[in-house]
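J.: Chain by chain, the residues run as shown.
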Amino acid sequence: MIRAIRAFFLDRGYLEVDTPHLLPTLAPEVHIQAIVADGGFLQTSPEVCMKRLLAADYGKIFQICRAFRKDERGDLHLPEFSLLEWYHTHADYTGLMSDCEALLLHLAHGLNLGDTLCYRGRDIALKGPWERLSVEAAFHRYAPMSAKTALEANCFDEVLVRDIEPRLGVKTPTILYDYPAPLAALARLKPENQDLAERFELYVGGVELANGFSELIDPAEQRHRFQRELEKMRKSGMKPYPMPEKFLSVLAHMPETAGIALGVDRLAMVLFGADKIDDVVAFTPQEL
Amino acid sequence: MYSASDLRKGLKIQIEDEPYVVVDFQFSKPGKGQALYRCKLKNMITGVIISPTYRSGDTFHPADLEERRMQYLYNQEDEFWFMDVETYEQSMLTIDQVGDAKNLMTDNLEVDILFFGDRPIGITLPNFVDLKVARADPWVKGDSVAGDTKPITLETGYVLRVPPFIEEGEKITVDTRTGEYVTRVKA
Numbered sequence: 019m020i021r022a023i024r025a026f027f028l029d030r031g032y033l034e035v036d037t038p039h040l041l042p043t044l045a046p047e048v049h050i051q052a053i054v055a056d057g058g059f060l061q062t063s064p065e066v067c068m069k070r071l072l073a074a075d076y077g078k079i080f081q082i083c084r085a086f087r088k089d090e091r092g093d094l095h096l097p098e099f100s101l102l103e104w105y106h107t108h109a110d111y112t113g114l115m116s117d118c119e120a121l122l123l124h125l126a127h128g129l130n131l132g133d134t135l136c137y138r139g140r141d142i143a144l145k146g147p148w149e150r151l152s153v154e155a156a157f158h159r160y161a162p163m164s165a166k167t168a169l170e171a172n173c174f175d176e177v178l179v180r181d182i183e184p185r186l187g188v189k190t191p192t193i194l195y196d197y198p199a200p201l202a203a204l205a206r207l208k209p210e211n212q213d214l215a216e217r218f219e220l221y222v223g224g225v226e227l228a229n230g231f232s233e234l235i236d237p238a239e240q241r242h243r244f245q246r247e248l249e250k251m252r253k254s255g256m257k258p259y260p261m262p263e264k265f266l267s268v269l270a271h272m273p274e275t276a277g278i279a280l281g282v283d284r285l286a287m288v289l290f291g292a293d294k295i296d297d298v299v300a301f302t303p304q305e306l
Numbered sequence: 110m111y112s113a114s115d116l117r118k119g120l121k122i123q124i125e126d127e128p129y130v131v132v133d134f135q136f137s138k139p140g141k142g143q144a145l146y147r148c149k150l151k152n153m154i155t156g157v158i159i160s161p162t163y164r165s166g167d168t169f170h171p172a173d174l175e176e177r178r179m180q181y182l183y184n185q186e187d188e189f190w191f192m193d194v195e196t197y198e199q200s201m202l203t204i205d206q207v208g209d210a211k212n213l214m215t216d217n218l219e220v221d222i223l224f225f226g227d228r229p230i231g232i233t234l235p236n237f238v239d240l241k242v243a244r245a246d247p248w249v250k251g252d253s254v255a256g257d258t259k260p261i262t263l264e265t266g267y268v269l270r271v272p273p274f275i276e277e278g279e280k281i282t283v284d285t286r287t288g289e290y291v292t293r294v295k296a
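The listed protein sequences correspond, in order, to chains A and B. The opening residue of the first sequence carries number 19 in our numbering; numbering runs sequentially from there. The opening residue of the second sequence carries number 110 in our numbering; numbering runs sequentially from there.
Just so you know, these hints were derived from the structure itself, not from any lab. Some clues are possibly wrong.
What the hints assert, rightly or not - Taking CB as the label site, the calculated pair distances span:
| # | chain 1 | residue 1 | chain 2 | residue 2 | range |
| --- | --- | --- | --- | --- | --- |
| 1 | A | H127 | B | G288 | 34 to 40 angstroms |
| 2 | A | S254 | B | V194 | 26 to 32 angstroms |
| 3 | A | G255 | B | N152 | 29 to 35 angstroms |
| 4 | B | G266 | A | A171 | 54 to 60 angstroms |
Yeah, the Cβ is synthetic: ideal placement off N, Cα and C, and Gly gets one too.
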C-alpha cells in the first residue's frame, strides 16, 4: 500500500520530503494535544514544516510520516499514527477532492481490490462521482438541527459523531465540505461567504480518512487565529505553545496552496476490511 | 476523581448518588473537533442503562463500593438475610437483587455482599459450591449412551442436568458462574 501511495505521487511529479518530528513549537489547535519531548513537542502533523518548504518554492510535495497526539486512543485512534500529507501550490480544495478520488482508485487497482470496497457490510463504489455534501446539507439531511444551531448550542461535534458520520461514505466515499469558519484554524474562508471555510473531510464507510483545505496564506489573519486558539488553550487549562513565528514570517511567501492530511492506518483499515486500527499496526501501545 | 480519559469498560463511577459501571465505551474525535467519550453505563442498583457522552475535562467520583464477607442466614418470602462474619451485623437483599444466586445458596454459606455506601446492592457466590441432590431418577446401567445427561433437583429446588451416574443423596459441585455441574463430591 505504501509503495502504491509513493508511486501515485512520484508519477504525478510530487517530491517526497522528510521534515523533523521533534519541533520547538506547533500550530496551536485547542482540541489537538501534543506530547512534550525534550523541551519541545512531537509533531501532531508535519503541516508547519511542509508549508515552510512551500514558501521556499517547492510546488508539489508529499510526506508519509509519524504523528503523535496525546490521549487519543480508540477503535480509530492511536497516540502514534501514520499520516500522509500532500500539498500543491496554485490549487484549491476542489483539486484535493479530485486527488482523493484518483488516489483511492489507484490504490484499489494496485492492490487488486477492484472498483468496489466491501467495508463493514457495505459495498462502496470508488469509481466516481463521489457523494459531495456540504456540512450545512448534511446537518439538514441527518441531524435534528442546523449546523449553525449546533455550533451555538456547543454540540456540533456530538451531533456530527452521533447523527451524521455513520451515514457518510456508505455507497461511495463522501466528501463533507465547507465547515463553519470557527472550526478551521488554518483554512482559507470562502471569498463569497466569510462564515464558511474551504475545508473538507473525506469519509469512507463512516470512517473519517482525511482533512483537506485551501490554505490560509494571510500572515496577519493566521496570527489572529493562532492567538484565538492559544487563548482557548489557556482557558481550558493547557499550557499554550510558543507562537510559531518562523512559520508566520514565511507565510507571506507561500502562494495559493491546497493541502491535506490522510490517516494511513485508517486507509489500510478501509482497504483491507479491518474494524479497528489495532488490526492494521504491528503493535498497539497496550502491546508494548 | 477520574477524568474522561480514565473511562474504560468495567470502571465504576458515581452519578447523582447512584453507582454505575461502564459496560461499553467508545472514543471518538471528529477531525479537528474535541475528544468525545461515548459510554453505556449500567446503574448497579436498578440495572437501567444510560448512554451519556462526555468530553475531555469532565470528571467523575469513583463509586463508593465495598465487598463484605457475609453468611447467608435465611429468607423470609422475598427478603434474603445475611450476617457480617466479623461484626455480626445483619443486612437484607431483595429477591431481585439476589437473582440466580438464590438457586445455589444454602444456609450458612459464606458469600460476598457488595455495598454502595451503607446500602447492600449485590451478591457474589464462591465460584464453586457443593450441594446435595434431593431428587434423581435412578441410573439403569446400559440404557444410556456416553455424553447423555439427566435432570436432577438440588436441595435448593434448582433443577440442572448431570451425568446419569449421579444418584439421590449424593453431593455435587456446581459452578456458580454458569450454574452447571462440575463434579461429584466423594463422600
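J.: It remains to establish, for every hint, whether it holds in the given structure.
T.: Against the structure, the hints come out as follows:
About 55 angstroms separates the C-beta atoms of A/H127 and B/G288, a value inconsistent with the hinted range of 34 to 40 angstroms. Here the CB-CB span from A/S254 to B/V194 is close to 50 angstroms, at odds with the stated 26 to 32 angstroms. Between A/G255 and B/N152 the beta carbon distance is about 31 angstroms. The supplied range of 29 to 35 angstroms therefore holds. In this structure the supplied range 54 to 60 angstroms holds for B/G266 paired with A/A171, their Cβ-Cβ distance being about 56 angstroms.
Going down the numbered hints, you'll see the structure goes against 1 and 2, while the others check out.
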